[in-house]
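What follows is each chain in one-letter form.
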Amino acid sequence: MAAEVSSVRTEPQGRRFAFPWRGAVGNGVFFGLCLLAGIAVLVTLVAVIAQLVVESRLSIEAFGIGFLTRSVWDPVAEQFGALPFIYGTLVSSLLALLLAVPLSLGAAVFLVEIARGWVRSVLSFLIEALAAVPSVVYGVWGIFVLVPWLLEHVSMPLAETWGEAIPLVAPPATGPSMLSAAVILAIMVTPIITSVARDVLLAIPRSQREAALALGSTRWEAIRTVVGTARWGIFGAIILGLGRALGETMAVTMVIGNDPSIHASILQPAYTLASVIANEFTEATTPLYVSALIEIGLVLLLTTLVVNIVARLLVWSIARRYSQQ
Amino acid sequence: MEPSQQQEKQTHTMREDSSAPMPQSDDHIKERFRIVTESLTVFFDGKAAIRNVSMAIRTNRVTAIIGPSGCGKSTFLRALNRLHDIQPNARVEGRILLDGEDITQLDATLVRRRIGMVFQKPNPFPAMSIFDNVVAGLRFNGIRKRSLLEEIAEEALRRAALWDEVKDRLRAPATSLSGGQQQRLCIARALAIEPEVLLMDEPTSALDPIATAKIEELIYELKRTYTIVIVTHNMQQAARVSDWTAFMYLGELIEFDKTRKIFTNPSKRQTEEYITGRFG
Amino acid sequence: MNERRLQPSPWVERRRRIVNALGHGAVALATAMVLVPLVAVIWYTLREGIPGLTWDFFTQLPKPVGEPGGGMANAIVGSGIVVGLASIVAIPLGILAGIFISEYASARLAAAIRFVTEVMLGLPSILLGIFAYAVVVKPMGHFSAYAGAVSLAIVMLPIVIKTTEEILRLVPRHIREAGLALGIPQWVVVLRIVLRAASRGIVTGILLAVARAAGETAPLLFTALNNRFWHTTLDQPIATLPVQIFTYAVAPYEDWHRQAWAGALVLIGLVLVLSIILRLVVSRTHLEHEQ
Chain A
1 MAAEVSSVRT
11 EPQGRRFAFP
21 WRGAVGNGVF
31 FGLCLLAGIA
41 VLVTLVAVIA
51 QLVVESRLSI
61 EAFGIGFLTR
71 SVWDPVAEQF
81 GALPFIYGTL
91 VSSLLALLLA
101 VPLSLGAAVF
111 LVEIARGWVR
121 SVLSFLIEAL
131 AAVPSVVYGV
141 WGIFVLVPWL
151 LEHVSMPLAE
161 TWGEAIPLVA
171 PPATGPSMLS
181 AAVILAIMVT
191 PIITSVARDV
201 LLAIPRSQRE
211 AALALGSTRW
221 EAIRTVVGTA
231 RWGIFGAIIL
241 GLGRALGETM
251 AVTMVIGNDP
261 SIHASILQPA
271 YTLASVIANE
281 FTEATTPLYV
291 SALIEIGLVL
301 LLTTLVVNIV
311 ARLLVWSIAR
321 RYSQQ
Chain B
326 MEPSQQQEKQ
336 THTMREDSSA
346 PMPQSDDHIK
356 ERFRIVTESL
366 TVFFDGKAAI
376 RNVSMAIRTN
386 RVTAIIGPSG
396 CGKSTFLRAL
406 NRLHDIQPNA
416 RVEGRILLDG
426 EDITQLDATL
436 VRRRIGMVFQ
446 KPNPFPAMSI
456 FDNVVAGLRF
466 NGIRKRSLLE
476 EIAEEALRRA
486 ALWDEVKDRL
496 RAPATSLSGG
506 QQQRLCIARA
516 LAIEPEVLLM
526 DEPTSALDPI
536 ATAKIEELIY
546 ELKRTYTIVI
556 VTHNMQQAAR
566 VSDWTAFMYL
576 GELIEFDKTR
586 KIFTNPSKRQ
596 TEEYITGRFG
Chain C
606 MNERRLQPSP
616 WVERRRRIVN
626 ALGHGAVALA
636 TAMVLVPLVA
646 VIWYTLREGI
656 PGLTWDFFTQ
666 LPKPVGEPGG
676 GMANAIVGSG
686 IVVGLASIVA
696 IPLGILAGIF
706 ISEYASARLA
716 AAIRFVTEVM
726 LGLPSILLGI
736 FAYAVVVKPM
746 GHFSAYAGAV
756 SLAIVMLPIV
766 IKTTEEILRL
776 VPRHIREAGL
786 ALGIPQWVVV
796 LRIVLRAASR
806 GIVTGILLAV
816 ARAAGETAPL
826 LFTALNNRFW
836 HTTLDQPIAT
846 LPVQIFTYAV
856 APYEDWHRQA
866 WAGALVLIGL
876 VLVLSIILRL
886 VVSRTHLEHE
896 Q
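Protein chains in written order, with our numbering: chain A, 1 to 325; chain B, 326 to 605; chain C, 606 to 896.
Accuracy of the hints is not assured; some may be wrong.
Per label pair, the in silico range of CB-to-CB distance [as the list claims (entries may be wrong)]:
1. C:V808 - B:I411: 23 to 31 Å
2. C:K743 - A:L68: 22 to 30 Å
3. A:V306 - B:S503: 53 to 61 Å
Here chain C is said to cover these stretches of chain B; the calculated rule only asks that three of the stretch's residues, wherever they fall, bring their Cβ under 8 Å from a Cβ of chain C [stated by the list, open to error]:
4. 359-370
5. 478-486
6. 507-517
7. 525-533
8. 567-579
In silico negatives: residues of chain B with every beta carbon more than 12 Å from chain C [what the hints assert, rightly or not]:
9. K446
10. R471
11. R494
12. E541
Simulated from the structure, these hints should not be mistaken for lab results. We treat Cβ as the ideally placed atom computed from N, Cα and C, and that holds for glycine.
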């Protein structure tokens, strides 16, 4: 060993090889490419928004702000108003949240605070994977399984017993309906709300729970303290679910009945912003019709943008507050 | 501290420490001192982590840097490898002369090819074999000739005292080695690009005593060929492996002298307190 | 001192115990109720879909309206082509943008791009269809595979960016430093060492983005449109699996319903298998770097 070492030259400047690369040029080029890609993302979002604005100009000029409050949708007479779709979108999404939120939060609490080991990882995995199931698959299941089941076991009995007294469930009950849409939406946003709420709860440090338990709280009371701490993040999770519900297209289109009029009863058909675009875009023959549909898209875009930005900020604020600890 | 005052102090230290009379020509200094830092200061987010560190590191000697954690010894070492370049919040002032050339003005890539570095935790590249790890510095710098790569890999592994343990499984993933072997692999990887200087940042702090002894033995062998700077929080290690020792405290160089002198008769009170374990 | 000032009342204590038990029961029940419909979706898709997975399903063209038989061969190939075209654009662009966020961008710019990425993830995909319609279909004058690919590329882009960035962040800093310390130029360190250490995670993340794009229906409705026959060029309408499933599911023919279920099963299988792989890879990558 020693002999070997001493045979090595003491002046390493005379290397046996010369490095062919200097790196400066490659560094510059690669950085430029990455920078361009990063900027391309920003540009894409701006371009999507700009295109929708530009393409809906015809309709904006024709109907003005009244577009949002008119409830007529008559392609033949070229009279367009978005109110039935705004109504349908809001009501179906809010109903969906009403169903999904308690269940999702319960599941999130169960996953973080109670479930352990493999139960926890299997449930987490199921819920995350199901958030990725394509919308059209939920739609197929909705048409053939959910809609008939709801009609027979929920809508008909409801309409028969309460229909006279409560306009909300007035007959005639139809299969495809606001209720069907709300239920399928609830099923679709549940995994999203659950997994985001779970992440928010996981971000709350353990010391919070231990502090509550050390004061003599029961486990349930400790959980309530933690949920209280995380309330803004959980609210963010719910808003994120709302954003998804507002923009959901295929499954809703397949089960909502597609009727551009406002019914008080949730057992009757309705229509949403996304659904009317999906159904009528290829049939729209006149420029004004197309433009009106794109303006509907613009309304949807602005709504979901606001909702998503609010949600992201809420979820991040929780994650940031506790990430240092 | 004023720069002029600092300059004076450095010159003074050099004269005092050299047994020979002060050399007259520049060339002579270059030969004797591989790296000279002048008023090296590193800021993180505008706060100085090390201040006005001026040190002359001797060729083919082992220089140890000791001091309590947070004293800036790692910051100093990383500055020699230009690693602060990639941290946007870091700023380096002062000069670092390698063979008389200011490396803060050179292409960082070229500097790092002359100054190798071994880190605290063994950090072989994941998803690469032992062989691929050793030649990574050559291959990713554009050297493709198979026979040359094999020749250099063997030599580097021999010098890192790892060859006998791995010669039959060069294709095995690097992560299959033990911690001590991984660290010697990292040393071999650094040697393969044939640097002049080898920086070691607490190279044994993640290792067991037997692996540590191996690395220390290795350092002793390597100093015949390389100039070695080692940061350590272990004073016994500094005493065992180094010829010269620098003591840093709160971002400043307090004392820099022959290791024997530092450990037996330090001239600064802070050094003495640290050596005798009264703080840190 | 033995006399406590706060005497816990037995009634309060009992109520707390009951509430505790009820609370636990309620969240367990909620979890079960969340899982029921999800399990039902998978169960029905398997039950109704398996009989439809015939040789013809994968090899035959659709029969004329109302005639039984035929398959979705052209739609499956069409999906492959449209998603493939989208991938050619979205994958390199997404990886580069992910690298930019994790390796180069200042903290503020990184946060901005991350934010835009999240916003894009939340955009209803049908809007991306409108965008592609406006920038491709309208100027070309007809529907095409290209238009469909543009909309799907924008669906995929934020997913690829997000997974790339998240996986790159799992690669510890000292790996990058080890590379730089060898005098390797930064771009080579990123491409040959960091990306390599993260490769399995990134590859599966990309596959998941591909699966997501393969399941997208809404943006294709008025970009790729549909086609009962084999397409011959990419600048004409093209059939895709999700659009075909939608068309068949809302049509009044038994046999088409059977094929719609079969198509749904293909999509759900794709997504679930890739999710499982992704999960395993991410946890393994995580473990490796923890050591």
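The hints, checked one at a time:
For the hinted restraint 23 to 31 Å between C:V808 and B:I411, the CB-CB distance of approximately 26 Å keeps it satisfied. At roughly 25 Å, the beta carbons of C:K743 and A:L68 sit within the given window of 22 to 30 Å. For the hinted restraint 53 to 61 Å between A:V306 and B:S503, the CB-CB distance of approximately 56 Å keeps it satisfied. Check on the segment 359-370 of chain B: 0 of its residues sit with their Cβ under 8 Å from a Cβ of chain C, so the three-residue criterion for coverage is violated.
Restraint check on the segment 478-486 of chain B versus chain C: 0 residues with Cβ-Cβ distances below 8 Å, three needed, restraint violated. Look at the segment 507-517 of chain B against chain C: 3 of its residues bring a Cβ nearer than 8 Å to a Cβ of that chain, three or more, so the hint holds. Given a C-beta distance limit of less than 8 Å, the hint that chain C covers the segment 525-533 of chain B is violated, as 0 residues qualify and 3 are needed. Only residues whose C-beta sits within less than 8 Å of a C-beta in chain C count toward coverage, and the segment 567-579 of chain B has 0 of them, not enough to reach three; the restraint is violated.
For B:K446, the condition that its CB be more than 12 Å from all CB atoms of chain C is violated, with the nearest at approximately 6 Å. For B:R471, the requirement that its beta carbon stay farther than 12 Å from each beta carbon of chain C is met, with the minimum near 18 Å. The claim that B:R494 is not at the interface with chain C holds, since no C-beta of that chain comes within 12 Å of its own (minimum 19 Å). Distance to chain C confirms B:E541 as a non-interface residue, since its nearest Cβ pair spans about 21 Å, more than 12 Å.
Checked against the numbered hints above, the structure breaks hints 4, 5, 7, 8 and 9 and satisfies the rest.
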